[in-house]
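Chains U and D supply the protein sequences, listed in that same order. Following our numbering, the numbering of the first sequence begins with 1 at its first residue and continues without gaps. Following our numbering, the numbering of the second sequence begins with 1 at its first residue and continues without gaps.
Simulated from the structure, these hints should not be mistaken for laboratory data. Some hints could be false.
Unchecked claim - According to the in silico footprint, chain D covers these stretches of chain U (three or more CB under 8 Å from chain D): (1) 22–31; (2) 56–67; (3) 70–84; (4) 105–117; (5) 121–127.
Note that this is a predicted model, so its numbers are computed, not measured. A virtual CB, placed ideally from N, CA and C, is assigned to each residue, including glycine.
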Amino acid sequence: MNINNVPQDNSSTYAKNKKAIYALDDDGKVKVVSSSGWNVEEAVTKQALNDLENSAREAYREVKNGNKSPLYYYMFALRMDLQLLAESTGFFKWTIKQDFKPENFAKISDKRLNVYADAMGKTIGDLKVLEDVENECK
Amino acid sequence: MNANKFEHTHSAHCESGVMSSMLKHYGLNLSEPMVFGLCNALTFAYLPFVKIGGMPLIAYRSLPKSIIKNIQKKLKVKMKLETFSSKEKGQNRLDELLEQGKIVGVQSSVYWLPYFPQEMRFHFNAHNLVVFAKEENEYLISDPVFENSVRCDKAALTKARFAKGIMAPKGLLYYPVDIPKNINLKPIIANSIKKTAKSMLKTPVPIAGLKGIKYLAKSILKLEKKDKRYAKLYLGHIVRMQEEIGTGGAGFRYIYASFLQESSVLFDDDEVLKESSKLMLEVGDKWREFALMIAKSIKSKNDINFKAISDKLLEVCEEESKVYKKMLEFKRSS
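With these hints in hand, go ahead and build the complete structure from the sequences.
Structure, rendered in structure tokens:
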């Protein structure tokens, strides 16, 4: 790829950052060029982001309807899945699934809650209530 | 060895970028592509049984940390690697090393680094950066994939260093303790080029090298029978691994072309290496055509032509084989 063909598409997924791309200059030398984005890359990053956001939105509804505990929503909101949450907390997946039930979650010990909070970068207080995201474009 | 004099360089890839700027800081001037090429970092692997976020592992380069390991093996550079059993120990040790005036390589999770914009924050645990100074409660960081150096709150970096999950960093810190003088690069380069070409052409397992690319092409055909949403995510995932994850474009093929060109100069404008570099750039362009084709089909409302995408990948594979065969023709003159 010639340096003049390095895409400069100002991709929203770069959030005004630039990435280094190696390309051929007019003297035939390969060198680093800063790129403001490529539509192709933006499309696939957005696709992944949308998928994560959809999961979080669905989880949010589930919690609102009283089917799941806030923990369930926060897992998705933090772009995690059950696998990663299990690895981050050291808890078995099936025990985490139990904590997704609102009635179980209400009885959970502070010690256990603390492990979740630590793994998820939140406080115990944060975890207990569903955050209000209606005004955010989630 | 003054940390304040550390020079940030914008690189394509985190691990080769960190290694290059760290070695430069201590007086060994190697470009990012040179580090990448010397360490045999170029590869291809498709591991359908290893899932990350529900998607198979597709790698265009060697395993994380392999550059840190290979640089020691190839150049006889001695690196010290330290991991920690607790956050406190890990943070104290980093502070201690900075106070000694060292610059320190750090492995971290991208997700927990606040200077990454939301759009780029995924749970990826093998991101590398250099911490070169500390000011009160902040670290000064040279993150190779950013244009300029950045600042990061102490607690946030510690959180990122101790993220758990696949490839968990365990607080990993690393820094060179001994760098030999007068390294003769030529035999090491010749050896690396041969090794990369051979492993791409001749790896016996079906998941790696050119066979891995063919295997991936086959898996694309199977998407026909899968749920459409999954099929599109899968295709998007391939392109993300190829372009999004600090690859210098086209799944590291362009960086490697730069390495081949730099090597050709060292070997008195060696024609075989020059030609290999040219071919590698063309391969990179092919990968990008493949990515473009996928992006179009993801956006399109029409049915996806999986056969056409799979065929395109086989075409890329065919082009790749030509480069590696060319590379094997290289005979070291001196």
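Run the structure past the numbered hints and jot down the numbers of the failing ones, going up.
2, 4 and 5
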